[in-house]
Structures are given as C-alpha cells and as structure tokens.
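Use the sequences and the hints to build the structure in full.
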Amino acid sequence: MSASILPLALENVSYASNGQPIISSVSLAIVAGPSTIILGANGAGKSVLMRLMHGLLAPASGTVSWRERDMGRVRRLQAMVFQRPVMLRRSALANVVYALAVAGVPAGEREAQALAALDEVGLRHLAQRPARVLSGGEQQRLALARAWALHPEVLFLDEPTANLDPGAVREIETVIKAFDAAGTKIVMATHNLGQARRLGDEVIYLQAGRVMERAPIEQFFARPATAEAAAFMKGELPWV
Amino acid sequence: MGVALAAALAGFITVASTTSTEQSGLFKHLLPIFEKKTGIQVRVVAVGTGQALDIGRRGDADVVLVHAKPLEQKFMAEGQGVKRYDVMYNDFVLIGPKSDPAHVQGTKDVAVAFRKIKEARAPFVSRGDRSGTHFAELEIWRLAGIDIAREKGAWYRDTGQGMGPALNTAAAMNAHILSDRGTWLSFKNRGDLVIAVEGDRRLYNQYGVMLVNPAKHPNVKAKLGQAFIDWLISPEGQDAIASYRINGEQLFFPNAHE
Amino acid sequence: MGAIAEGLRRVLELDRELWHIVALSLEVSLSAVLIATALGLPLGALLAVKRFAGRRTVIVLLNALMGLPPVVVGLLIYLLLSRAGPLGELGLLFTPGAMVIAQSVLVLPIIAALARQTLEDAWREYEEQLRSLGARELEAAFTLIWDARFSLVTAVLAGLGRAAAEVGAVMIVGGNIDGVTRVMTTAIALETSKGDLPLALGLGFVLIALVLAVNAAAQLIKEAAVRRYG
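Residue numbers (this note's numbering), protein chains in the order written: chain A, 1 to 240; chain B, 1001 to 1258; chain C, 2001 to 2230.
No wet-lab data here; the hints were simulated from the structure. Built from N, CA and C at the ideal position, the CB exists for glycine as well. Mixed in with the good hints, there may be bad ones.
Unchecked claim - Some chain A residues judged to face chain C by a derived CB distance under 8 Å, without partners named:
no. : residue
1   : L56
2   : R76
3   : F82
4   : A103
5   : P106
6   : R132
7   : R223
What the hints assert, rightly or not - From the derived model, a few chain C residues whose C-beta atoms are all more than 12 Å from chain B:
no. : residue
8   : I2004
9   : L2138
10  : L2210
11  : Y2229
Here is the structure:
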C-alpha cells in the first residue's frame, strides 16, 4: 500500500485574471475520505479553484502543496473530468489507451486495462465507435472511464453533468458513486443542490472567490451558517 | 533510354549557352549525334550571353557557347577560358510591321534603317538583357551615330527579355525588333511582322566556344568538355551544324576553320 | 477555344517527352512538400503549444515568409549552391536536387504557418485535457498533429499548390535543362517565349488538371475520414 498523496493544502491562495480577482485568500485542506462538494453560483470561482487544486493553474500568491513531494506521483494519482469532455479523434477504446500510454503503462497491458475501465462504466459495447460521434452522456462516461483506468487517488470533477439530460445525469452519478465506493477521493464542483446532496459528504460553499462556509452536507442543508449560503439555496431551484 | 545509360557510364557536361541557340532547335538536332557517338550527355543551360558567361565565371558550367566576341575576349582576358574557338555564324534580321511605318523595308544598310526608325519614332523593342543580340543591337545604334541610351523615347521599349518573349512583345505592339534568324524562323506568333532588313555584313553573328578554365575551377570536367569542343569544330560536327534546317533553310553556317 | 483544343492535341503528341516532364514535376514538388511537411508540422505544432519570449515575432515572421517570392528564393539557393558559393562542393546546381531544396524552402513557411493556425485553434480545445492527463509539450504537440490531421491536409495542399505552380525558383536553380531539369512550369515558360502558345496552353491545362485531381482526391479522403472518425 503506497503512501497517499493527500492531504492537499491551500494556503492563502489568490488568483486573478485581467486584473479581476477570482480567488481571494483561500485556505483549506482536502483530506482523504469524505466526498467534497464545491458549491457556488456561476461566477463564484469554482472552476478556477478546481484548476488551482489540480495544478492546471498556478496561484498568483499563496501555495498549493500536497503531502507527496514527488510531483510526478502527484500528477499521476489525480484525474479531472471537465464540464465538456474532450475526446481525441479515435475510437472510445483508443482514447482510454492514450491516457494509459501517457501515464507510462507498458504497451502490452494498455488494452486490457482500457477494456476493464469501459466495462466499469458500461461502454464496452461502444469500444470501437469513434469517440466524437458518441452522445454527450456517453462521452462524459468515457471521460470517467479514462479517469478510472488511471486509478487515481483524487478525482476532480468540474460540473460534469451541467450539459446533460436527466437520464445521462443519473448514469454519471452512478459512476461517481462507484468511484467513491472504490475509495477514490471525490472533489466535485456543482451548482446543483440536488446533486450535491446525492453525492456529497461535505460542502465547501464558495462565493465571489472566498470560502464562506464548510460543513458536513446535512448540516449545511439544514442550517446554513451564513446568510450568503442561505440566500444561494433559496435562489437555486432544487430540481435543477 | 540508351543515352541515359551511356551517360551514366561516360558522364555528362554542363554547357552554358544562349536562349537563341536553344530555341532555334539546334541543340535538339546536334546533341543526340554527339551523345550517341561518345556517350557523353550534354546538359544545356540556356540563358542570355551575359548570364552564360557569368555561369562560366562561377565555375557552374564546363563549356560556354555564346555569340558576343568582345565579351568572349574579355572572358579570355580574365583567364576564365582556356582557348576560344570560332564555331559557326548565323545572322540577325531586322523585323518590322508589314505596314512599314518607317519605310525601312528592303534597305541594304541596317544602320540607315535604324536611323529611319528613330526619326519616324516607330516602335522598337529591345531585348535589354545583356545578350549577344542585345549587344549587336547596341552596336548598330552606335554605327548609326545614335547614343540610344540618351536619345531614346517612348517609341523604344527596353523589355529585359529573351528573344522569344521579346518577339511576342513586338508582335503584340506591331513593333520593330532585331532578332537572330533561327529564333525568327521557329517563332510561331508573328502577328503582322515580317523581315524588313537582312543581308548586311554587320548583321552577321559569330558564335564562339570556350572550355572553362580548370585551373580556376578544379571541378570543371576538362576532358569531357574538350571532347565536346573538339567534336564541334571537327568536320563531322561542322557538317552536323550545317545540316540543321528549318523549312529547308539552313540556319547556322560552320566556320571553325576560316 | 480552338487554341486550347490544338494545344491539347499537341500535348498528346509529345508522349514520352511529356510524361518525363510531368513525372519530374510531380517528383520535385511532392518531394519538396514531403520535406516541408516533415519539418513544418512539428514546427507549427511547437509554435502553437509552447509559450516563449519572442513567440509573437516568430509567428509574424513565419506568416510573412509565406509570401517569399519564388524567384528570390531561387536566386538565394543558386548563390548557395553555385560552385563559387559555400555549398558548391555538393555539385547540386542544375539538378533536380537543387529544385527540391528551393521548393522545400519556399513551401516550409506556408505549411508551418497554416499548421500553427490550425493547431493553435485545436490547442485551445485540447490543452486542459492533455495537460490534465500529464502529457508533456512535445507529446501534446504530436497528439495535436495526429488529431487535427484532416484539417492539416489543407495546409499541405496549399504547399503543394505553391510548389506545383511556381516557376521562378526551379528555373534559376534547375536551369530548365532539356531532359534533366525541365518541369511543367519551366516548359510552359519556354514554349511561351518561343511563341508556341497553343502548346504552352496545352501544357498549362495538363498542370491544372493534375493539381485539380490531387485536390479532389484529398477532399474525398477528408470527407470519408470525417464520416468515420467524427
């Protein structure tokens, strides 16, 4: 059992774009165990925060540090699923194989592992289909299969179902729950209250680039500690 | 195919020559005879005389075959050539519109004809490209007592083109032009142009051939190049030159041993 | 119209000489495009993906080089390859090799600049995902090239069009030597200057037909591939 790369610690992290502050002095720790929901309205800074944590963006000030010092390992043991899945112009299977190749998995083992990942998300029958002709929901499932194949310790998800119809949303949530059950740490950004409740164990509520509140999920929904969170939940229609 | 094979065995030489020589079709007639006899492939780069001699000076050709004796002698004086041989001559003809606006048709003296053209301000196309033909034209203006560089007007068109393109321009403009007979005979786009003046001794055009000096340019294929020159001035080569005809007319007159 | 018909008739009469000219044209231009593609695609990809000081200057320069006059390229290569020049020892002047070199130089900026534009657009789409997967810049560049291959065909065809159509460079470095370095464009120039316009026209139509055929084939392949791969 190799050492965990968690916890991830953000110290006073700020980020701005074109002079506009997007994230302001955020300090938090992401620890193994509970699924963490980053909740907030559009424009709150959820996506940027996710990218700062995943390492796609560098903070303007402050530090983002993992327990693991080997950045190569840190890289390899995380995966991220974006709001819009980005697939290469090749078959579904080949897309997963590509991710394994980049990760350094020996050539002989890639196909088997990729097929297993497709199985896990129920896409085995579409393995040879060109990935870009799949439906939105199927492509997002494929993105999850790609992430699954890498057996990450932490899975970041940035509003993964924002563009999908309810049937597809259910399928994606099922897979995310499976990740969770398998022991992967889930960090998911969403503005969908229902989804947060279905998938999350704790909530970090973000507003205007600042962490307003952090609480276990039921506590947050029953008694939001801040006026801002309460207002947000009143405004958000629960069935969205 | 056989020629290519033989050339692969015997080699090839690069000859820098003039556009008029190539465009007259002489090489297409002459070279296969030489190649069949010796197996040496002759690659001709056809440009203006000035440029051909420059190619020789850079060592990019083994042999130069041009028709501007003063320039050839300068080439020799620079030590760029081994020896200059006369090969053949052809003649220039003054071409003009059928309508003869300057009344030069049938004039015996070409310098007189040039003067008449200038006085009539009749359109005249010059090659302007440092070719042998261009130099011949400039010489005739000089013989006519005209400093053409200073005395030209809108009637004088300095095109900077080879013989063919210049003839095209003259045909399009219905203008006078000095051309070598060979190019004129094979030129197909004549419009309303005809030969206005011919036969003046001063229109005779001497061709000379030189081996580029291997002392200055070690890469020159001296043996193969000299073989080509030797053949050109040999009775067989001279006969081959004389036997080239267009519509039954002989174009080039061998004079290697005059 | 009559001139065209006459020209095509004359062209068909040339048979062996014509096929040699056509074959050499294809050989020279296709070789040049191959070289320019092998060098230009990675160059365009790296420019699309890498950020470095002076990147904008390089891009402007590359775009400007697309407009290099062929005759100037020909002259520069001539001076390089001449016996009196630095690379004279190679003995490449007045050979098809020199023509390939000159056309490669001419075509490389076109392919690289157009590839950069295509791949920069693609990078905007792929960047986050590829970096998330851990792909390094070089790896990502080649992934982009392969994924954008059907769009890149357009860049390659633009390069081929330029190579097949130009006469200035190959005339100067090749010398238009009968049977050795005479290609379609230089043959057309020669026949025009001889005043044999019907033949020049006929050759011109053969050249146009060839380029059209290549482009039509590429378009069909592209459409079939898009149907297959999405």
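So, going through the hints one by one against the coordinates:
no.: 1; hint: L56; verdict: holds, 6 Å
no.: 2; hint: R76; verdict: holds, 6 Å
no.: 3; hint: F82; verdict: holds, 6 Å
no.: 4; hint: A103; verdict: holds, 6 Å
no.: 5; hint: P106; verdict: violated, 16 Å
no.: 6; hint: R132; verdict: holds, 3 Å
no.: 7; hint: R223; verdict: violated, 36 Å
no.: 8; hint: I2004; verdict: holds, 16 Å
no.: 9; hint: L2138; verdict: holds, 42 Å
no.: 10; hint: L2210; verdict: holds, 24 Å
no.: 11; hint: Y2229; verdict: holds, 46 Å
Hints 5, 7, counting from the list given before, are not met by this structure.
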